[in-house]
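Visitor: The listed protein sequences correspond, in order, to chains A and B. Positions 1 to 154 (my numbering) are the ones given, in order, by the first sequence. Positions 1 to 182 (my numbering) are the ones given, in order, by the second sequence.
Quick caveat, the hints were computed from the structure, so don't treat them as lab data. Please read these numbers as outputs of a predicted model, since none were measured by experiment. Check before you lean on any hint, since a few could be wrong.
Said to hold, decoys possible - Calculated pairs, PhoX-like style, for lysine-lysine (alpha carbon to alpha carbon, straight line, at most 25 Å): (1) 172/B with 17/A; (2) 134/B with 19/A; (3) 27/B with 6/A; (4) 164/B with 6/A; (5) 10/A with 13/B; (6) 19/A with 123/B; (7) 6/A with 13/B; (8) 10/A with 148/B; (9) 19/A with 13/B; (10) 164/B with 10/A; (11) 134/B with 41/A; (12) 13/B with 41/A; (13) 19/A with 179/B; (14) 164/B with 148/B; (15) 10/A with 179/B; (16) 17/A with 164/B; (17) 17/A with 27/B.
Said to hold, decoys possible - To be clear about the criterion: a stretch of chain A counts as covered by chain B if any three or more of its residues have a C-beta under 8 Å from a C-beta of chain B, and this derived list gives those stretches: (18) 5 to 17; (19) 33 to 39.
Every residue gets a Cβ at the ideal spot worked out from N, C-alpha and C, and that includes glycine.
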Amino acid sequence: MNTEMKELEKIAPELSKIKRESPFRVPENYFDDFSTRLQAKLDAEPIAVPVKKNNIIRYLKPAIGLAAGFALVFSLAYWPLKTLTPNQTAESDVQEIDVTDMLFASAVEGIDVNSFFELLEKPEGNERLSDEDLASYMNTNVSEYEIYTQSANQ
Amino acid sequence: MENADRKILDGLKEEKTRNLAFQTLVKTYQERLYWHIRKIVLNHDDADDVLQNTFVKVWRNLETFREESGLYTWLYRIATNESLTFINSTKKRSIIPMNDASEFLLNNMVSDEFFEGDEIQLKLQEAILTLPEKQRIVFNLKYFEEMKYEAMSEILETSVGALKASFHHAVKKIEEHLKTRD
């Protein structure tokens with residue numbers, strides 16, 4: 001008898017009298033059939049096969065999540081603003097015009113409308129304006145109505 | 001780690017051999033885990049459910065097993081947790097408020113056709129049920145399974161000293177219960 005048993009007998013004589021046999025039993029062939037029943041349970045449940053996930057995706061996941069979050073916040077804030085206040089956003093678009101365009105615009109602003117059309121009539125003029133320059137000038141200084149009336153007068 | 005466990009673990013890592021290795025794991029440990037669970041939940045049908053849930057959990061969490069502990073220890077830990085989860089869920093489901101589940105477990109055991117204990121065995125089970133859950137597990141593992149404290153320490157994540165003290169207190173309480181009921 002080992003020390004533990006002797007100790008047990010000393011502190012618990014009543015317990016030591018009881019045979020250490022299991023009062024429990026199992027149905028016949030229980031352990032033979034168990035794995036088959038377990039397999040049926042595993043097949044019935046939609047269990048993800050424990051395959052290791054791709055490491056790169058696992059590491060990129062937080063960054064992708066963060067980017068998606070920013071995109072969502074941006075679209076939630078930007079689109080309503082653009083839809084509800086088109087004028088303000090248009091103004092802000094103007095502010096983004098290139099500096100060169102602004103210089104050109106300020107230069108053509110100084111030209112009188114009549115002198116501009118006179119200039120167009122003189123093909124031998126030294127300065128030749130490109131279509132883009134013309135379109136830019138028209139957009140900046142002349143309304144559609146003025147273009148129509150000037151064309152009608154010609 | 002035992003060679004058999006090493007083989008099982010190697011088999012589980014490869015997709016081709018995973019199913020076969022898992023079947024071997026089940027065959028190797030089903031009986032030991034069943035008796036461990038049965039001593040906690042006491043009723044056969046409940047023990048069967050808990051054992052199945054244990055293996056389902058093992059299958060689902062194969063990836064998380066880091067091999068820091070032995071396979072045997074890991075399986076016992078899952079089985080213990082599943083058994084305690086079962087008892088706690090029984091407490092929650094019960095219409096009658098239960099401070100502890102001992103009464104339910106005792107009735108469940110007595111009504112179980114697969115309990116064949118005599119009067120003295122019933123008295124012993126009654127006495128064991130007076131213990132707090134963790135102390136009950138310590139007592140069962142030491143008294144019936146004669147598990148070493150070191151192995152028990154890994155499963156229950158408790159120091160050997162605390163386990164020895166717990167077993168000593170459990171034995172004293174059971175002895176007291178057996179004396180008073182005579």
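Visitor: If a hint holds in the structure, say so; if it does not, say that too.
Guide: Against the structure, the hints come out as follows:
1. 172/B with 17/A: Distance ~14 Å between residue 172/B and residue 17/A Cα, so the pair holds.
2. 134/B with 19/A: 23 Å, holds
3. 27/B with 6/A: Distance of about 36 Å is beyond 25 Å: violated.
4. 164/B with 6/A: Holds, at roughly 15 Å.
5. 10/A with 13/B: 50 Å, violated
6. 19/A with 123/B: 13 Å, holds
7. 6/A with 13/B: Roughly 46 Å separates the two Cα atoms, so the pair is violated.
8. 10/A with 148/B: Satisfied, since the Cα-Cα distance of roughly 20 Å is no more than 25 Å.
9. 19/A with 13/B: 44 Å, violated
10. 164/B with 10/A: 16 Å, holds
11. 134/B with 41/A: 30 Å, violated
12. 13/B with 41/A: 22 Å, holds
13. 19/A with 179/B: Roughly 17 Å between the alpha carbons, so the hint for residue 19/A and residue 179/B holds.
14. 164/B with 148/B: Judged against 25 Å, a Cα distance of about 10 Å means the pair holds.
15. 10/A with 179/B: Holds. Residue 10/A to residue 179/B sits at ~14 Å (cutoff 25 Å).
16. 17/A with 164/B: Holds, at roughly 22 Å.
17. 17/A with 27/B: 35 Å, violated
18. 5 to 17: holds (count 6)
19. 33 to 39: holds (count 5)
Violation of the numbered hints given earlier is confined to hints 3, 5, 7, 9, 11, 17; the remaining hints are satisfied by the structure.
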